[in-house]
Amino acid sequence: MKIVPASDSSVLVEFGDKIAPEFQNGVLSLFHGLRALADPRIRNLHPAYVSLLVDFDPLTLTHEEVTALVESLLGNELPASADSPAEVAIPVCYDAELGPDLADVAAHTGLSTDEVIRLHSSASYRVSFLGFTGGFAYLGGMPEILHTPRLGTPRRAVPAGSVGIAGGQTGIYPAETPGGWRLIGRTPLRMFDPRSEPPTRVQTGDLVRFVPIDHTEFERLHREQP
Amino acid sequence: MTIRVVKPGLLTTVQDRGRYGYAHLGISPCGAADAMSLRIANLLVGNEEYAGALEMTLLGATLEFEEKAIVAITGASCECKAGSNRIAANAPVEMATGSVLQCGSTTDGARCYLAIQGGVDVTAVMGSCSTDLRGRFGGHEGRRLQAGDVLHVGQPGRARQRRLRVDVRDGVRGAGAIRVTSGAQRDWFSSDTYAKFLATGYVVSEQSDRAGLRLKGDAVETRESKQLLTDGIPLGAIQVPQDGQPIILFVDQQTTGGYPKIANVVAADMHRVGQLRPRDEVRFAEISIPEATDALQAQERWLVELWQD
Numbered sequence: 001m002k003i004v005p006a007s008d009s010s011v012l013v014e015f016g017d018k019i020a021p022e023f024q025n026g027v028l029s030l031f032h033g034l035r036a037l038a039d040p041r042i043r044n045l046h047p048a049y050v051s052l053l054v055d056f057d058p059l060t061l062t063h064e065e066v067t068a069l070v071e072s073l074l075g076n077e078l079p080a081s082a083d084s085p086a087e088v089a090i091p092v093c094y095d096a097e098l099g100p101d102l103a104d105v106a107a108h109t110g111l112s113t114d115e116v117i118r119l120h121s122s123a124s125y126r127v128s129f130l131g132f133t134g135g136f137a138y139l140g141g142m143p144e145i146l147h148t149p150r151l152g153t154p155r156r157a158v159p160a161g162s163v164g165i166a167g168g169q170t171g172i173y174p175a176e177t178p179g180g181w182r183l184i185g186r187t188p189l190r191m192f193d194p195r196s197e198p199p200t201r202v203q204t205g206d207l208v209r210f211v212p213i214d215h216t217e218f219e220r221l222h223r224e225q226p
Numbered sequence: 227m228t229i230r231v232v233k234p235g236l237l238t239t240v241q242d243r244g245r246y247g248y249a250h251l252g253i254s255p256c257g258a259a260d261a262m263s264l265r266i267a268n269l270l271v272g273n274e275e276y277a278g279a280l281e282m283t284l285l286g287a288t289l290e291f292e293e294k295a296i297v298a299i300t301g302a303s304c305e306c307k308a309g310s311n312r313i314a315a316n317a318p319v320e321m322a323t324g325s326v327l328q329c330g331s332t333t334d335g336a337r338c339y340l341a342i343q344g345g346v347d348v349t350a351v352m353g354s355c356s357t358d359l360r361g362r363f364g365g366h367e368g369r370r371l372q373a374g375d376v377l378h379v380g381q382p383g384r385a386r387q388r389r390l391r392v393d394v395r396d397g398v399r400g401a402g403a404i405r406v407t408s409g410a411q412r413d414w415f416s417s418d419t420y421a422k423f424l425a426t427g428y429v430v431s432e433q434s435d436r437a438g439l440r441l442k443g444d445a446v447e448t449r450e451s452k453q454l455l456t457d458g459i460p461l462g463a464i465q466v467p468q469d470g471q472p473i474i475l476f477v478d479q480q481t482t483g484g485y486p487k488i489a490n491v492v493a494a495d496m497h498r499v500g501q502l503r504p505r506d507e508v509r510f511a512e513i514s515i516p517e518a519t520d521a522l523q524a525q526e527r528w529l530v531e532l533w534q535d
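So the sequences go chain by chain: A and B. Those letters in the first sequence? Residues 1 to 226, by this note's numbering. Those letters in the second sequence? Residues 227 to 535, by this note's numbering.
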């Protein structure tokens, strides 16, 4: 573990240099520990695969004080809630129209499109963290055979709800943004609603499963969204 | 009290201090690109310093005041008129009932700010009225202003208008290189590369926005061939993608990313980044973290000492 200054207002706490459960647990435990302090001088926490960025008010806290605070929380146990993560089922329509890169993923992996769908929807994924844009979940646990590089040129606009693959990662775009992930399907669910509490459908640590649905069901669920 | 948008300008949004405490959900801070000008504008009209105000980009808006109002314009210079009368910047000004404020193009920076006594009254989302353009929430209907929009103004508090005793323009604009501290992945770059990065003049690309300022210049070479595991991005981080053209990640930035960060703009110069225009040249100078903190404290003292009373 090392703590490095990332800016005059933040430190980066690095637990390791590869994705591994012990490093991810270190990130989560420190994240929950700092959240529980509810210290207004700490402005933002950015958890990631193996690191936590702590952003603070440099007029009221110093790097030394933040480092001491971080060190005092290291080794804390994960909260009990982390041992029994919520399981969230996300319906996904894997039609070619909604997943325009499904055929490319099949070609790259040497699988049929049906096999890609079956494998993608049979795994259980852990939400490593939320980042990039509001409600974007980085999911760990995709079967290795599905690994496919991202697009050479990102799309200017990826529709909200799109489910994509980038290397060994899979995730859902919560809003229309530019993006370079290979799109294999789309969920009709709203993944991010700024007026809800919490505003994101999945939280860090949750277990996510994808449930294949047909186009009729996609349309029906889509109409029901707020 | 309402204000009608006659012409929205190029990119006009409601902004305040920004939205903090939600980065772990992927939510950017947003907020005023030049927070110092936002604060001065609000203080001039007697608002709380981070009250919601309008941020106008490159070309200002035309606004009709349905009742009289006290306003102040700060930030980049921009010719503003009410009918044929020129409206002074950096001072509280009364707009008469039915008057129309026309803000022109900014000349020496990218953004100007219009504060209205009482503050722009929009529903706060996650504790802030700043517009999140990418997430499409906050501000006025989660988007840039359009012709025909009607903005509501809050009740003015008991605070009174204030006047500046110095010309703030030079203090706000600053001079010389943008100051940086070394970034979290500084050791991914050789000392020679880092020295070259600090010696190079970069040009702000047209493809820049509130999420990031893309710079053009001599490519910065990464020593490491390994890929960075996605990590958190501090405000003002200067990341170097594969093509070696640096990007300053700014207020609407993504909260995490996968490119190494060579340096980071200091908090005291963040507002200067908010005034960079496409085609401006920018250079960076490294200072230590204690120097950066001193600069920020000095700036806060300067902000307190600006006022006539």
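Bear in mind the hints are in silico, worked out from the structure with no lab data behind them. The beta carbon of each residue, even a glycine, is placed where N, CA and C say it ideally should be. Don't take each hint at face value.
[What the hints assert, rightly or not] Calculated pairs, DSS-like style, for lysine-lysine (alpha carbon to alpha carbon, straight line, at most 30 Å):
1. B:K422 / B:K452
2. A:K18 / B:K452
3. A:K2 / B:K294
4. A:K2 / B:K422
5. B:K452 / B:K442
6. B:K294 / B:K233
7. B:K233 / B:K307
8. B:K307 / B:K294
9. B:K442 / B:K422
[Said to hold, decoys possible] So, partial list: chain A residues that the calculated Cβ filter (under 8 Å) puts toward chain B:
10. D8
11. A48
12. T113
Results of checking the hints against the structure:
1. B:K422 / B:K452: holds, 22 Å
2. A:K18 / B:K452: Holds: K18 of chain A and K452 of chain B sit about 12 Å apart, inside 30 Å.
3. A:K2 / B:K294: This hinted pair is violated, its Cα atoms lying about 57 Å apart.
4. A:K2 / B:K422: Status holds; Cα separation ~28 Å.
5. B:K452 / B:K442: holds, 24 Å
6. B:K294 / B:K233: holds, 19 Å
7. B:K233 / B:K307: holds, 14 Å
8. B:K307 / B:K294: Since the Cα atoms of K307 of chain B and K294 of chain B sit roughly 16 Å apart, the hinted pair holds (cutoff 30 Å).
9. B:K442 / B:K422: Holds, at about 14 Å.
10. D8: holds, 4 Å
11. A48: holds, 4 Å
12. T113: Since the shortest Cβ distance to chain B is 28 Å, the answer is violated.
In terms of the numbered hints stated before, the structure departs from hints 3, 12, listed from lowest to highest.
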